Amino acid sequence: AQSVSQHNHHVILSEAASLELGCNYSYGGTVNLFWYVQYPGQHLQLLLKYFSGDPLVKGIKGFEAEFIKSKFSFNLRKPSVQWSDTAEYFCAVNTGSGNTPLVFGKGTRLSVIA
Amino acid sequence: KAGVTQTPRYLIKTRGQQVTLSCSPISGHRSVSWYQQTPGQGLQFLFEYFSETQRNKGNFPGRFSGRQFSNSRSEMNVSTLELGDSALYLCASKSNSEAEAFFGQGTRLTVV
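Protein sequence lines correspond, in order, to chains S and H. FYI, the numbering used here numbers position 38 of the first sequence as 38, with every residue one higher than the one before it. FYI, the numbering used here numbers position 54 of the second sequence as 54, with every residue one higher than the one before it.
Please keep in mind that the hints were generated in silico from the structure rather than gathered at the bench. Some hints here could point you the wrong way.
Stated by the list, open to error - Listed below are several chain S residues computed to face chain H (Cβ distance under 10 Å; list not exhaustive): (1) Ser26; (2) Gly41; (3) Thr100.
As the list claims (entries may be wrong) - Only some residues are given here: those of chain H computed to face chain S with a beta carbon under 8 Å: (4) Gly16; (5) Leu21; (6) Gly42; (7) Asn96; (8) Glu100; (9) Gly104.
What the hints assert, rightly or not - Take a look, some chain H residues computed to stay more than 12 Å from chain S by CB distance: (10) Gln17; (11) Ser22; (12) Glu75; (13) Val111; (14) Val112.
Fair warning: this is a prediction, and the values are worked out from it, not measured in the lab. Heads up, the beta-carbon is just placed ideally off N, CA and C, and yes, glycines get one too.
All chains should be modelled from the sequences, with the hints used to inform the complete structure.
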């Protein structure tokens, strides 16, 4: 069965610091990869997605992620975080054509302090 | 376009009762999935319905069931509620031609 691992449970950063959140998945076939964000009291929103092509994908709010197939990784990055980035971040994967269920990591809580 | 709508937003139920949650997908989306979100387990897949048929199922007991109507609206039912069923229940809809899922705000169920 597929699984997704997010290495950091809680990350605390100062404003303007750089962010990298790790995500590894276990599945050897074709994957679709996603990062979702959940701001306090709000619904899950898609930050970015990778289906194929350029392994470096850019999303909303200055986030980007790099798909490294050999490492089964899809790490999320942002060069300079803001207080408003405080949220929970979820990495997710589904396979093939995308009609399989999304499998989520357990999430990383990001706290950005002034 | 309107997003995924879940009702009600909050529910408090007593152990042993049953509950029904509702989800209206984005117009044109025929796939509806349900997830349970808890602090300890994260988001866990319950089931997916597509064109009124259950297409995928997660590892939850038979107390958790669902259905989908011809207008793609979906309901999820939990019978004989247990304290451990307290969670945020999320619904997601997607079109069959795309892998991206869109989530509703969830129904927070508290079992006392």
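For each hint, the structure was consulted:
{"no.": "1", "hint": "Ser26", "result": "violated, 16 Å"}
{"no.": "2", "hint": "Gly41", "result": "holds, 9 Å"}
{"no.": "3", "hint": "Thr100", "result": "holds, 7 Å"}
{"no.": "4", "hint": "Gly16", "result": "violated, 29 Å"}
{"no.": "5", "hint": "Leu21", "result": "violated, 15 Å"}
{"no.": "6", "hint": "Gly42", "result": "holds, 4 Å"}
{"no.": "7", "hint": "Asn96", "result": "holds, 7 Å"}
{"no.": "8", "hint": "Glu100", "result": "holds, 6 Å"}
{"no.": "9", "hint": "Gly104", "result": "holds, 6 Å"}
{"no.": "10", "hint": "Gln17", "result": "holds, 26 Å"}
{"no.": "11", "hint": "Ser22", "result": "holds, 16 Å"}
{"no.": "12", "hint": "Glu75", "result": "holds, 19 Å"}
{"no.": "13", "hint": "Val111", "result": "holds, 21 Å"}
{"no.": "14", "hint": "Val112", "result": "holds, 22 Å"}
Hint compliance for this structure: hints 1, 4 and 5 are not met, and every other hint is.
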